[in-house]
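A.B. asks: Top line first, the protein sequences correspond to chains A and B. Under my numbering, think of the first position of the first sequence as 1, with each following residue one higher. Under my numbering, think of the first position of the second sequence as 1, with each following residue one higher.
Hints were generated in silico from the structure; no laboratory data involved. Heads up, some of the hints might be wrong.
[Stated by the list, open to error] Straight-line alpha carbon distances no greater than 25 Å define the calculated DMTMM-like cross-link-like pairs of lysine to aspartate or glutamate that follow:
id : chain 1 : residue 1 : chain 2 : residue 2
1  : A       : 141       : B       : 83
2  : B       : 136       : A       : 115
3  : B       : 7         : A       : 130
4  : A       : 141       : B       : 74
The model shown is predicted, which means the values in this text are computed figures rather than measured ones.
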Amino acid sequence: MWQTFLDDCRLCFIKNNRWQYLFDGLGVTLQVAIQAILIGIVIGFFVAVIRSSHDKYGRFPVLNALAKIYLTVIRGTPMVVQLLITYYIILKSIDSKVIVAVLAFGINSGAYQAEIIRAGICSIDPGQMEAGRALGMGYWKTMFRIILPQAVRNVLPALGNEFIVLMKDTSIVGYIALIDLAKGGDIIRSQTYSVYVPYLTVAAIYLILVMFFTWLLGKLERYLRNTGADVVQNNS
Amino acid sequence: MGKELLKIENLKKSFGPLQVLKGVSTNVCEGEVVVVIGPSGGGKSTFLRCLNLLETPTEGTIWFNGQDIVHASEREKNHVRSEMGMVFQHFNLFPHLSILGNITLAPQLVRGLKKKEAEAKAMELLERVGLADKAKAYPQQLSGGQKQRVAIVRSLAMNPQVMLFDEPTSALDPEMVGEVLNLMKALAKAGMTMVVVTHEMGFAREVGTRVCFMDGGLLVEENAPEAFFDNPGHPRLKDFLSKVLK
Numbered sequence: 001m002w003q004t005f006l007d008d009c010r011l012c013f014i015k016n017n018r019w020q021y022l023f024d025g026l027g028v029t030l031q032v033a034i035q036a037i038l039i040g041i042v043i044g045f046f047v048a049v050i051r052s053s054h055d056k057y058g059r060f061p062v063l064n065a066l067a068k069i070y071l072t073v074i075r076g077t078p079m080v081v082q083l084l085i086t087y088y089i090i091l092k093s094i095d096s097k098v099i100v101a102v103l104a105f106g107i108n109s110g111a112y113q114a115e116i117i118r119a120g121i122c123s124i125d126p127g128q129m130e131a132g133r134a135l136g137m138g139y140w141k142t143m144f145r146i147i148l149p150q151a152v153r154n155v156l157p158a159l160g161n162e163f164i165v166l167m168k169d170t171s172i173v174g175y176i177a178l179i180d181l182a183k184g185g186d187i188i189r190s191q192t193y194s195v196y197v198p199y200l201t202v203a204a205i206y207l208i209l210v211m212f213f214t215w216l217l218g219k220l221e222r223y224l225r226n227t228g229a230d231v232v233q234n235n236s
Numbered sequence: 001m002g003k004e005l006l007k008i009e010n011l012k013k014s015f016g017p018l019q020v021l022k023g024v025s026t027n028v029c030e031g032e033v034v035v036v037i038g039p040s041g042g043g044k045s046t047f048l049r050c051l052n053l054l055e056t057p058t059e060g061t062i063w064f065n066g067q068d069i070v071h072a073s074e075r076e077k078n079h080v081r082s083e084m085g086m087v088f089q090h091f092n093l094f095p096h097l098s099i100l101g102n103i104t105l106a107p108q109l110v111r112g113l114k115k116k117e118a119e120a121k122a123m124e125l126l127e128r129v130g131l132a133d134k135a136k137a138y139p140q141q142l143s144g145g146q147k148q149r150v151a152i153v154r155s156l157a158m159n160p161q162v163m164l165f166d167e168p169t170s171a172l173d174p175e176m177v178g179e180v181l182n183l184m185k186a187l188a189k190a191g192m193t194m195v196v197v198t199h200e201m202g203f204a205r206e207v208g209t210r211v212c213f214m215d216g217g218l219l220v221e222e223n224a225p226e227a228f229f230d231n232p233g234h235p236r237l238k239d240f241l242s243k244v245l246k
């Protein structure tokens with residue numbers, strides 16, 4: 001039993017340097033996930049500010065309509081289908097599958113992050129905007145220095161959840177033949193006909209990644225709570 | 001009496017079908033303490049919020065230092081607001097910033113002060129209101145009265161030409177009302193121009209240079225405090241005073 005397991009491991013990882021499938025795949029997974037998260041954050045903030053500026057103050061009617069279409073389409077269609085459409089239709093001319101995946105996941109995550117951040121903005125008392133404006137600060141200054149720092153702090157757990165979901169969702173990039181961690185494990189399985197060791201290893205690596213990420217977010221959350229989140233002062 | 005700082009003419013404000021202000025005309029001169037009293041829903045707060053354009057008037061004009069501010073550009077409006085301090089009923093301190101951060105943010109972002117200068121000025125003001133030891137604290141660590149004093153300091157740090165107070169003591173526990181009123185009295189004594197919406201009749205009588213009674217969206221009566229309280233003219237004001245001054 002023990003001997004069989006060791007033989008399996010040897011076959012799956014050491015023979016023909018198969019561990020490299022997992023190692024390289026992990027690199028691709030991290031690359032896609034982290035870049036997509038960053039793109040998602042930028043889109044998310046932009047869309048959230050437009051949406052809430054419109055709902056509260058009637059600003060940006062055109063941009064708001066576009067943002068609503070974006071949210072509807074992205075949240076209304078499956079990620080795999082979006083990935084395939086991005087790869088085969090929208091970005092047909094781009095060779096790098098990593099770039100295709102980053103954009104597809106970034107645009108997808110942006111929609112979910114936008115709604116999370118919008119919820120955060122809605123949670124802030126209108127008196128905060130009034131106090132900022134009454135001091136002579138413009139709308140954008142107040143939004144960026146007063147509203148958003150508080151909004152983000154309020155929704156950090158939900159944002160963290162979105163990051164974790166995104167990281168695991170990247171495991172579908174195999175659909176466009178991009179070899180990430182999941183696909184790497186799948187290739188090992190197809191070469192060795194061994195199922196337990198490759199898949200369980202892949203699962204364990206994802207789990208460790210997510211646990212690390214959760215720990216990091218928890219630290220950030222505690223930091224923001226304990227220091228009273230002196231974001232603005234540190235920036236200036 | 002100093003020069004005319006604010007001139008309000010035929011100010012009207014509607015929220016949808018509801019007309020809250022039905023044509024208010026008055027003025028505020030330098031060094032005056034104008035106290036606005038009246039029943040809830042009479043338009044007092046809306047009137048005050050129109051003065052620094054937190055609410056856009058539906059009709060009428062407001063001149064600040066001779067400039068029509070209702071029809072000014074967004075940039076000019078921001079500048080006008082920076083010249084008017086506003087103190088809110090619920091303080092509206094920024095909970096993510098320390099007390100010092102609350103006070104120094106706008107002077108840095110709006111006036112372009114260096115961080116050091118802004119902090120020096122903030123500490124000087126905090127010293128004056130006896131809260132220097134709270135500079136590093138956060139708003140949630142302060143009592144209501146302390147919060148409101150910090151909010152007043154936050155406005156003062158911008159060197160405003162006029163201060164607007166929107167029921168500054170209404171959200172306070174009774175034993176904390178005094179410290180805030182005392183600070184406002186000191187400000188008045190130092191010559192600050194103030195427009196105060198309040199239910200504190202004692203303050204109106206003692207500190208006000210003019211008292212206004214607003215009801216039903218109209219400025220029903222305005223007069224010097226003694227005449228206002230001892231000799232009310234309008235029946236609605238008589239009725240109101242008989243209820244609040246027992």
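A.B. asks: With reference to the structure, classify each hint as holding or not holding.
C.D. replies: How the hints compare with the structure:
A distance of roughly 17 Å separates the Cα atoms of residue 141 of chain A and residue 83 of chain B; the hinted pair therefore holds under the 25 Å criterion. Pair hint residue 136 of chain B plus residue 115 of chain A does not hold up; C-alpha atoms about 34 Å apart against a cutoff of 25 Å. Between residue 7 of chain B and residue 130 of chain A the alpha-carbon distance is near 23 Å, which keeps this suggested pair within the 25 Å criterion. In summary, the hint linking residue 141 of chain A to residue 74 of chain B is supported, as the alpha carbons are separated by about 13 Å, within the 25 Å threshold.
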